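Q: Sequence:
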Amino acid sequence: MSAANAALALPEGAVVPDGLPPMPLAPVTSWRIHLGAHKTATTHLQETLSALRPALVAQGVDCIPIMLLRQHRIARTLGRKQYWNRVAPLRGPMLRRLLARELGPLRAGPGRLVLSEEKLLGSSQDVFADPVYPGLQRIVKLLATLGRTAELTLFLSIRSFDAQLPSAYVQELRYMPPIAGGFENIRPRVLARPPSWFELVRRIRAAAPGVRLRIWRHEDYRDNTAAILAAFCGVEALGPLPEVADPHWTKSPSLEAIRAVEALPPLPELERRER
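So for the sequence shown, my numbering puts the first residue at 677; every next one is plus one.
Just so you know, the hints here were simulated from the structure itself, not pulled from any lab data.
You can trust all of the hints, since none of them are fake.
Okay, the calculated beta carbon distance ranges per label pair:
1) R762 x E950: 40 to 48 angstroms
2) G811 x R890: 19 to 27 angstroms
3) A913 x E827: 15 to 23 angstroms
4) D899 x P810: 30 to 38 angstroms
All values reported here derive from a predicted model rather than from experimental measurement.
Glycine included, C-beta positions come from ideal geometry on N, C-alpha and C.
Produce the entire structure from the sequences given, and follow the hints as far as they go.
A: Structure follows, in structure tokens:
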């Protein structure tokens, strides 16, 4: 194989959507990264785009499925403290090298890359912090360096806190016991110091100055799913959307079930989730 062909070849183990021939692995020329937030229909978005991946690849867009991002712990890798992250001139080159290593085997070819991973902002528990997602600056500042050599657009989905906070609380109960006092302990603090999406956006802007940031509301997503997903992917239209049922693990249970889960004794995470 010539040096030129070797440079274009897919890395070993590259993920190619079913029914599509392998494509040369072009350099990433456009990053379109959805940061979350939690409980804003991120699972539906991710599963829909995973199902549409072959059609998107045919349009020159690759959306790496969330299952692969989670298996390779991309958010955790980016959030890990690195010596080079403290040295501004090293951030961009080292991040591009890291992502080439981690994402290269997952890509299907096109240079426009779409990623959606709400863990880039933090955990769902961080929704209750003051400020919301207190550690977002490190990863967002790192991602901003991608804009030096390629087009970069960040995306954020938001939701009215009066619906998001209870939903996130229930989601956390699946993995760990409630904090002391449960949601009744969260409520007065939130009412005394209401969280603010405006403040969160200001912090993203400060961490990624000059980077394009596009935002949609969870309340608008269901009625405008196709338009929002097309804008996210940067295409004119997606065609018919697949039917993606709301996953059972993200649905909120009844109040009686919530109270029962709150009362569970300490359990290993897997056993807790099964219960």
